[in-house]
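**Q** Here is how the chains run, residue by residue.
2 protein chains.
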Amino acid sequence: MCELLGMSANVPTDICFSFTGLVQRGGGTGPHKDGWGITFYEGLGCRTFKDPMPSIDSPIARLVQDYPIKSCAVVSHIRQANRGRVALENTHPFTRELWGRNWTFAHNGQLNGYRQLETGIYRPIGQTDSEYAFCWLLARLNDRYPKTPRHWPSVFRYIETLARELQKKGIFNMLLSDGCFVMGYCSTELHWITRRAPFGKATLLDRDVEIDFQQQTTPDDVVTVIATQPLTGNETWHQVEPGRGVLFRLGEREF
Amino acid sequence: MCELLGMSANVPTDICFSFTGLVQRGGGTGPHKDGWGITFYEGLGCRTFKDPMPSIDSPIARLVQDYPIKSCAVVSHIRQANRGRVALENTHPFTRELWGRNWTFAHNGQLNGYRQLETGIYRPIGQTDSEYAFCWLLARLNDRYPKTPRHWPSVFRYIETLARELQKKGIFNMLLSDGCFVMGYCSTELHWITRRAPFGKATLLDRDVEIDFQQQTTPDDVVTVIATQPLTGNETWHQVEPGRGVLFRLGEREF
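Chains as they are written, first to last, in the numbering used here: chain A, 1 to 255; chain B, 256 to 510.
Chain A on its own, in the form it takes in the complex (with noise of 0.2 Å):
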């Protein structure tokens, strides 16, 4: 299985905190040593750094948790390989561009028969099921929404009927972002917070470190982080209800 972390923020925010407690679990504190990755969206670009080596030892991973990229849609992965094994084209996250933007997936779980998946114009170019899965959904919308949709919600609605239709095959929890909604869909584990004023500390539970979140923010400053896990031990994260999807827009929730 693996691990994904994602953002959503009303302001450009660094995931350095949360990104370190997570690569902890790359190899370090959770076996996910079969690689990781993670994308900041900055407008329309996104960026992603991803490295099919353990991200407790990967100097890329370091450099991640040490420099502060700031952003409002961030998705993040480390995984423990079931199938496809462990190369770069098998990294999450995977990116791709429907209807001029970049949409950014991640998954945990493991799906059967996803090759009978019909990818139409979004051919896989590793061997995961997760790959798979995405070119999938993307096929789907591309279908329905042959033009660009007005209605996002809508849309993000759509879409976990989808993610439903894949949880028949097996594990598929996932994180999707356009760089504008961050959302989230509960097969079996996933949980967020949302962080606004008054802001306290935090504490990893991975890793002993503790931040002072009043002192990087302005109390106008909404930030979500949605994560399979818990990572601080002294907040309280909610759970998604397995089948349900959460979708969030500059750190609010919108369903």
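Honestly, I wouldn't trust all of these hints.
What the hints assert, rightly or not - Think about it this way: if two alpha-carbon atoms lie no more than 25 Å apart in a straight line, the pair counts; the simulated DMTMM-like pairs of lysine to aspartate or glutamate are:
#	chain 1	residue 1	chain 2	residue 2
1	B	Lys402	A	Glu97
2	B	Lys402	A	Glu118
3	B	Lys402	A	Asp143
4	A	Lys147	B	Glu352
5	B	Lys288	A	Asp66
6	A	Lys70	B	Asp321
7	A	Lys70	B	Asp312
8	A	Lys33	B	Asp321
9	A	Lys147	B	Glu373
Derived from the structure by calculation, the hints contain no laboratory data. Given the structure is predicted, the values throughout are model-derived calculations rather than measurements.
Guided by the hints, dock chain B onto chain A, whose structure is given.
**A** Showing chain B alone in chain A's frame:
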């Protein structure tokens, strides 16, 4: 204008030396301060490091210079913006999927009338003439070869004719790779050099750095570097004739 840098090699080789020369021109010895990017292929996968900041000041560019990522196919670019503002979505190289492969593209030059280019299923995300041209190229390839082609040199010969079409709209020097082949097309300027045994020493033009390739290679290594302008002063670079493409695979020239 911009500068291009590409590599094709028969063994995974790092590009730290050449990239160190290139980044000096990104705000140091050259005016190409509007972003930079580099894509490394590893098997079917690829990863891109990019930044809209000047390469000379970029902590990420420093990582790429210091951390030897080894690859058989690399495409890199430093940008001096003309079409499209300085932003991540306008920062080269651009990567899109065709025939289940990652295709990566970088452009030097400037095109007129590029918004009339029909890009089919490949919708541009940013505002550059370059990304439009790339999307048009992929759409033409997808039209001509709806199924994965088998004879690759003829595909690249077709790309050469498409590049000549684009050249009619302005200046179109480019690099293009699918991870196996690295193609250059020269509209006004493009140079290349193939290094093989007996390896010698080389000195960067843009920074006081010398390398002894013999220390870093085995006798069977074949490494070709393609660049807008020669990067070293004591070696003979070949100039590509305007209106012509060059194609390399595993360091060797195919045409």
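**Q** With reference to the structure, classify each hint as holding or not holding.
**A** The hints, checked one at a time:
{"no.": "1", "hint": "B:Lys402 - A:Glu97", "result": "holds, 20 Å"}
{"no.": "2", "hint": "B:Lys402 - A:Glu118", "result": "holds, 16 Å"}
{"no.": "3", "hint": "B:Lys402 - A:Asp143", "result": "holds, 20 Å"}
{"no.": "4", "hint": "A:Lys147 - B:Glu352", "result": "holds, 20 Å"}
{"no.": "5", "hint": "B:Lys288 - A:Asp66", "result": "holds, 24 Å"}
{"no.": "6", "hint": "A:Lys70 - B:Asp321", "result": "holds, 23 Å"}
{"no.": "7", "hint": "A:Lys70 - B:Asp312", "result": "holds, 17 Å"}
{"no.": "8", "hint": "A:Lys33 - B:Asp321", "result": "holds, 24 Å"}
{"no.": "9", "hint": "A:Lys147 - B:Glu373", "result": "holds, 16 Å"}
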